[in-house]
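Undergrad: Sequence:
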Amino acid sequence: MGNDAQTAVGVVMLIGLVGVLLPIVPGLLLIWLAGLWWTLADGGGPVRWTVLGVLTALLVLGTVVKYVLPARSAAARGAPVSTLAAGAVGALVGFFVIPVVGILVGGLAGLYLAEYARLREAGPAWLSTRAALVGIGIGVLVELATGVVMVAAWLIGVGLS
Numbered sequence: 001m002g003n004d005a006q007t008a009v010g011v012v013m014l015i016g017l018v019g020v021l022l023p024i025v026p027g028l029l030l031i032w033l034a035g036l037w038w039t040l041a042d043g044g045g046p047v048r049w050t051v052l053g054v055l056t057a058l059l060v061l062g063t064v065v066k067y068v069l070p071a072r073s074a075a076a077r078g079a080p081v082s083t084l085a086a087g088a089v090g091a092l093v094g095f096f097v098i099p100v101v102g103i104l105v106g107g108l109a110g111l112y113l114a115e116y117a118r119l120r121e122a123g124p125a126w127l128s129t130r131a132a133l134v135g136i137g138i139g140v141l142v143e144l145a146t147g148v149v150m151v152a153a154w155l156i157g158v159g160l161s
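Numbering-wise (full-length UniProt numbering), the sequence shown opens with residue 1 and increments by one.
In short, the hints are calculated from the structure, not lab data. Hints should not be assumed to be uniformly reliable.
Okay, the calculated beta carbon distance ranges per label pair [what the hints assert, rightly or not]:
(1) Tyr67 - Leu40: 26 to 32 angstroms
(2) Ile15 - Phe96: 19 to 25 angstroms
(3) Val89 - Ile24: 49 to 55 angstroms
(4) Gln6 - Gly78: 46 to 52 angstroms
(5) Glu121 - Trp49: 52 to 58 angstroms
(6) Asp42 - Val149: 21 to 27 angstroms
(7) Ser161 - Leu113: 31 to 37 angstroms
(8) Gln6 - Val100: 45 to 51 angstroms
(9) Gly10 - Gly44: 15 to 21 angstroms
(10) Asp4 - Gly45: 16 to 22 angstroms
(11) Ala117 - Ile15: 34 to 40 angstroms
(12) Trp37 - Tyr67: 22 to 28 angstroms
It should be emphasised that the depicted structure is a prediction, and the values quoted were computed from it without experimental measurement. All residues carry an ideal CB built from backbone N, CA and C; glycine is no exception.
Construct the complete structure from the given sequences, taking the supplied hints into account.
TA: Put into structure tokens, the structure is as follows:
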């Protein structure tokens, strides 16, 4: 694989890191796909397959944490699964209604409205929503850290291969 192709893999991985922060592209998946292409482009080899294995494990771990933390945080405040489902529906609707930030706005609105409908009080509904937001924020930080570690693993693989 030439320098231009390696640079392209790195650029795609950087786009993936941006995708973690701006949910326009699936960040970790994009980083993994770039690593897969890097592995397969030259026929693999022990170093490349090892790096892909590490990237795969990190992809699974980062993705699981991304969804588990908000759920646990909201559940700790007593929010049922239906509240999280309403947040997911709100995020999906927001994605199509408001470009770029719609996922966040719609998800927040869905969480809050579901909790308000359940609790019938603004204060406790906001506390549950805020707990979910803290979980989401921590999840994004963990996902970003995972993406950085994935890129670092690839860079080590580039140096070794």
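Undergrad: Take the hints in turn and mark each one as holding or not.
TA: Each hint tested on the structure:
1. A C-beta distance of roughly 28 angstroms is found between Tyr67 and Leu40, which places it inside the suggested range of 26 to 32 angstroms.
2. Take Ile15 and Phe96: their Cβ atoms lie about 22 angstroms apart, and the range 19 to 25 angstroms holds.
3. Range check, Val89 to Ile24: about 19 angstroms between beta-carbon atoms, so the 49 to 55 angstroms window is missed.
4. Between Gln6 and Gly78 the CB atoms are about 50 angstroms apart, so this pair conforms to the stated range of 46 to 52 angstroms.
5. Glu121 and Trp49 have their C-beta atoms about 55 angstroms apart, which keeps the hinted 52 to 58 angstroms range intact.
6. Evaluation of the 21 to 27 angstroms hint for Asp42 and Val149 yields a pass: the beta carbon distance comes to about 23 angstroms.
7. One distance hint, 31 to 37 angstroms for the beta-carbon pair Ser161 and Leu113, is violated here, with the actual separation near 51 angstroms.
8. A beta carbon spacing of about 30 angstroms between Gln6 and Val100 contradicts the range 45 to 51 angstroms that was offered as a hint.
9. The beta-carbon spacing between Gly10 and Gly44, approximately 19 angstroms, falls within the hinted interval of 15 to 21 angstroms.
10. In this structure the hint that Asp4 and Gly45 lie 16 to 22 angstroms apart at CB holds, the actual value being about 20 angstroms.
11. Remark: the range hint 34 to 40 angstroms for Ala117 to Ile15 is upheld by a beta-carbon distance near 38 angstroms.
12. Separated by about 26 angstroms at the C-beta atoms, Trp37 and Tyr67 satisfy the suggested range of 22 to 28 angstroms.
Checked against the numbered hints listed earlier, the structure breaks hints 3, 7, 8; every other hint is satisfied.
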